[in-house]
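What follows is each chain in one-letter form.
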Amino acid sequence: MNLSLLILVPLLTAVAILLCNGLKQVRSVALLGSAVQLLLALGLLYTYHQERETGNTAQMLFEFNYTWFANLNINYHIGVDGISIAMILLTSFVVISGVLVSWSMEMLNKEFFFLLMFLSMGAYGFFISLDVFTLFFFLEVAVIPKFLLIGIWGSGKKEYSAMKLALMLMGGSALVFVGLCGLYFNSSINGAHSFDILALSKTHIPLNAQMLFFPFAFIGFGIFTALFPFHTWVPDGHSSAPTAASMFLAGISMKLGGYGCLRVAVYLMPDAAHAYSGIIILLSTIAIIYGAFATMMQTDLKYINAYSSISHCGFVILGIGMLTPTSITGAVLQMVSHGLMTALFFAAIGMIYTRTHTRIVAQLGGLLKVMPFIASVFIISGLCSLGLPGFSGFVAEMTVFMGAWQNPDTMYRIATILACASIVVTAVYILRAAGKAVMGPINDDRFTSLSDAVWNEKLAAVILISGIVAIGVVPFWLSNLVTPGTEQIILQTGQALLLK
Amino acid sequence: MNSSLYISLIPLLPLVTFVLLGLFGRKYFNSISGIIATFSLGFSCLLSISIAYQYFFHSERVNGVLQQIIPVKFTWLQFSPGLSIDMGIVLDPLSAMMLVVITFISLMVHIFSLGYMKGEARFATYYAFLSLFTFSMLGLVMSTNIFQMYMFWELVGVSSFLLIGYYFEKPSAVAAAKKAFIVTRFADLGFLIGILILSFHAQTLDFQTLITRLTDPQSAQYLSITAGSLLGVSMLTWGLVLVFIGGAGKSAMFPLHIWLPDAMEGPTPVSALIHAATMVVAGVYLVARLFPIFVFDSAALTVVTYVGAFSALLAAIIACTQTDIKRVLAYSTMSQIGFMMFALGVSGHGGEEGLGYMASMFHLFTHAFFKSLLFLGAGAVIHLVHSNEMIDMGGLRKHMPITHITFLIACLAISGIPPFAGFFSKEEILTAAFHANKVVFFIALFTSGLTAFYMFRLYFSIFWRGEVHLHGEHHGEGTLSMKIPLIILGVLALIAGFVPFSQLITSDGIALETHVDLLFSLTPVAMAVIGILIAIRLYKTENNRSDGVASAFGGFYHASYKKFYVDEVYLFITKKIIFNFIGRPVAWFDKNIIDELMNQSAAITAAVSENIKGLQSGKVQGYAMYFFWGILGLSALFIYLFN
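The listed protein sequences correspond, in order, to chains A and B.
Heads up, the first sequence is in our numbering, so the first residue is 26 and it goes up one at a time.
Heads up, the second sequence is in our numbering, so the first residue is 3 and it goes up one at a time.
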């Protein structure tokens, strides 16, 4: 399968959108484009399995390498393993449902859908890159549209939020870039420096260079995934963003960070990952607990979901930091699960907001009576968030906990117990929000005449829920998909331990 | 007979019903959804009974022991080479008995609800949730793997949440549902960490392997778990106690019982199913499932004993003063589960030693019938008078003869009057306690007396004392579908005690010879009779003797009426301490320190650039000045450097 299609399809869709006239044409093209993306992603999953069946044990499949800038040894090198495919699937699910919930976006619709497609191109490119420079290129491609999406189509203090988000993510990118340069200049493959991930993984970066540049790369990517204390762009950014942008932001963008931490920081600098794992775990545990308690005090539905994302993304970092095969698999599962679940949550909040014109929990009430579908979606995403079996959140969190517990160090155990404890706090804030907003009596007469979801909203919700349930009810397909990839990473860090 | 298919159908039928009714029921066949669910469950129940019958009486015994059968098992999620969640179905005496109890009581509740919930707009939703609950509960008892059990444990919790909050427009129902879920979730945290500890040392999540490895003092896993210790307590004890905390949460043991009385906000048939007969005994079932390991660790077993005994006593005292009939029943449930818990706690493994185990399971079995009967009876009463308060009732025996008779049978059964079901099981529990632990025995004996007293206080207040004025047209006892379950359960409450239980379920699987010792039975029965007599004196007719007794107890009565302020303590901790001293400061810190730091760094950057942007003013004179001072400075530097 030609992986470049994953970049080409969104790009062509974006161009086609520019040539369209009127909302109807624009959204049809966008929907078509994202449907093709979804089919591509599913096809990729299928052909990947086919290829593995035939006994292809290469670490990366469908590789393609083209010299982009020979002087600096920059290549357009792409390829996928199970982890990338999981992330690509996630992206395609979120993109199509994001397009569907924006179905009646009147204002500057052409530009809006163009940016959505452009952003998705960046995400796909990021997940298939096997060259850190190309990877960085696509990371930047995915940042700029967010600034515009929030700044133009946002609500509330949108200029402030857009600026804050763009500056913090750019800051993160800058740190990442320093880390990448550190990798490049300390690498020597046949006497030349290299950006190539596979080549870099086979050489040994000197320990002092790892120790110096690991924090840059890890914190840089960490900012994207709301690493404490660099998480403050998350609440403001999410709450000001239009629904689809919130979904993209939490469902895809935050995952770029987690994937980068894993693929670049930990995989290429394994010694440093071991050395710094205590600090990583400390920060992620703080994020989990602190995020959960901060969520408990929020009154705005979007802030609730944004803060809970900080807590949930803490599990990703925790899983990575624990450096056991199970915990890293758990981290990847959590990325996929959180991406789907939080996109669903934002979609439900968006649907509620367009009808009631409020997101303040105290002003809502009894929505289950007037809009049973939307309210049920809200409750389902809440139940997934609090880790109910049958939904993806349970599978991911339990894998992280199981993996984390395999690390017998006492401090790590305490961190794991604290992380486990957060599921109780999660239950508290989810049930508080659900109990007040969608259950209870209807406390506003205006609400009684509101209508339930329409077809495009229903379809968006069904797509996301089917993903959540597919992982929650039969998790082995995803876990078996991801495990070879995480084993590769663990092998790397295991060798690092042996070298010590 | 393809038994693995049939046995898989038992939980799958309710699951299919749930999906069907949940997705399409309300829109397309709301009014007949009750019938669909009832038939599906009826089939499930028939299968359970026939499989249990086959298993108990026609399957092979090796040395007199019924063998464990695992007809279905597959890997659901692989964590690491040794650790995986396997989905499977286990058939052993314990699970076979539970299958029958769950499907049967659930069927009775399904039938009863046909009349009780008639005309509800969300009729299909109600039956969908009931089916979800039944599926989860069946999955729980059939688990082959401790993590599988944990999963269904959580699913049971959420179905309980959904059913308590069924009347979601009532804020009190929503609050009760939230409370039930959060309190049990807190307890489940203990369960989860317990699983992590046990599985880390045993390197397995499979029940059978777990038990084999942790009960063999020579195994590497046993040595590893007993070698580790924290605060002077071995990891084995920690693991078991933490798992027990999970069980205590679901089974409403002190101090995690506070959700159960509030859970009565749900529809009454739901209380009969979930909060009387099935879900609340999950904790007992969990301890019984891991009993071979518990027996190995006397410290953990002691915790089980005293938590059970204390809860039994405390709940009985509170039950004597409550005025809401469902709450009386809720506390009575808690008290009876306390009996089951401490019966396990005083039990040993094998032979006569294991009497407590057998008694506990026996009591679980008989209790399911008479307690669900009590709740369904209470449901019928509430259906008629539209109130939960005793003060609104009285003299109802004339209006609802069937309810009256069956309720009386259940009261006699729970009080332990021969030959009703509760007598036999309670007798065994008291015998086991008498031989193992005298303190617990006397607590249990006293509690038995209290049980008889508060049950008959309830009985007389509903059916005798005074005369209730029913306004206008009323529907008497309700529909036939409400009467049939009452009659069936009434018969069972009468005869369930004659099941040869000790032949079927014992701690080691070998049939146990038990006999009722008349001399021993005299004391508990006398206690019960005294309790009943006091209740007759105080509550049979309208009089103010009970007020006199209440004021004689003074502060103690009031404290009991206020449920010993446990709720207030919880409220204080959650609302005052967690919200004010953790939640608020964290939110404040995030907004004013961390976020402010980010904003300030941006502001400083802006301020600095504001100041230096003047340097590029475009004024030639300015540039000349910079040039002049620059040359001067550099000259000074060079002179300093080269001199």
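Hints listed in this document are in silico derivations from the structure and should not be mistaken for laboratory results.
Heads up, a few of these hints could be off.
Calculated cross-link-like contacts (lysine to any residue; reagent style SDA-like; alpha-carbon spacing at most 25 Å) [claimed, not checked]:
id: 1; chain 1: A; residue 1: Lys-461; chain 2: B; residue 2: Ala-605
id: 2; chain 1: A; residue 1: Lys-483; chain 2: B; residue 2: Phe-26
id: 3; chain 1: B; residue 1: Lys-75; chain 2: B; residue 2: Ser-6
id: 4; chain 1: A; residue 1: Lys-461; chain 2: B; residue 2: Ile-595
id: 5; chain 1: B; residue 1: Lys-578; chain 2: B; residue 2: Gly-556
id: 6; chain 1: B; residue 1: Lys-615; chain 2: A; residue 2: Lys-483
id: 7; chain 1: A; residue 1: Lys-483; chain 2: A; residue 2: Val-494
id: 8; chain 1: B; residue 1: Lys-172; chain 2: A; residue 2: Ser-474
id: 9; chain 1: A; residue 1: Lys-461; chain 2: B; residue 2: Ala-561
id: 10; chain 1: B; residue 1: Lys-172; chain 2: A; residue 2: Asn-468
id: 11; chain 1: A; residue 1: Lys-183; chain 2: B; residue 2: Ile-596
id: 12; chain 1: A; residue 1: Lys-394; chain 2: B; residue 2: Ile-579
id: 13; chain 1: B; residue 1: Lys-29; chain 2: A; residue 2: Thr-324
id: 14; chain 1: A; residue 1: Lys-461; chain 2: A; residue 2: Ala-495
id: 15; chain 1: A; residue 1: Lys-394; chain 2: B; residue 2: Ile-34
id: 16; chain 1: A; residue 1: Lys-183; chain 2: A; residue 2: Gln-388
id: 17; chain 1: A; residue 1: Lys-483; chain 2: B; residue 2: Ala-605
id: 18; chain 1: B; residue 1: Lys-172; chain 2: A; residue 2: Asn-505
id: 19; chain 1: B; residue 1: Lys-75; chain 2: A; residue 2: Gly-415
id: 20; chain 1: A; residue 1: Lys-394; chain 2: B; residue 2: Ser-6
id: 21; chain 1: A; residue 1: Lys-461; chain 2: B; residue 2: Lys-615
id: 22; chain 1: B; residue 1: Lys-172; chain 2: A; residue 2: Phe-163
id: 23; chain 1: B; residue 1: Lys-29; chain 2: A; residue 2: Val-386
id: 24; chain 1: A; residue 1: Lys-483; chain 2: B; residue 2: Ile-584
id: 25; chain 1: B; residue 1: Lys-593; chain 2: A; residue 2: Gly-176
id: 26; chain 1: A; residue 1: Lys-182; chain 2: B; residue 2: Lys-593
id: 27; chain 1: B; residue 1: Lys-75; chain 2: A; residue 2: Asn-505
id: 28; chain 1: A; residue 1: Lys-461; chain 2: B; residue 2: Arg-124
id: 29; chain 1: B; residue 1: Lys-29; chain 2: A; residue 2: Val-494
id: 30; chain 1: A; residue 1: Lys-182; chain 2: B; residue 2: Ala-605
id: 31; chain 1: A; residue 1: Lys-483; chain 2: B; residue 2: Ile-596
id: 32; chain 1: B; residue 1: Lys-593; chain 2: A; residue 2: Val-479
id: 33; chain 1: A; residue 1: Lys-394; chain 2: B; residue 2: Arg-124
id: 34; chain 1: A; residue 1: Lys-461; chain 2: A; residue 2: Ile-439
id: 35; chain 1: B; residue 1: Lys-75; chain 2: A; residue 2: Asn-468
id: 36; chain 1: A; residue 1: Lys-183; chain 2: B; residue 2: Ile-595
id: 37; chain 1: A; residue 1: Lys-461; chain 2: B; residue 2: Ile-584
id: 38; chain 1: B; residue 1: Lys-172; chain 2: A; residue 2: Gln-517
Output the indices of the hints that this structure fails to meet, ascending. The structure breaks hints 1, 4, 5, 6, 9, 12, 13, 14, 17, 18, 20, 21, 22, 23, 24, 31, 32, 34, 35, 38; every other hint is satisfied.
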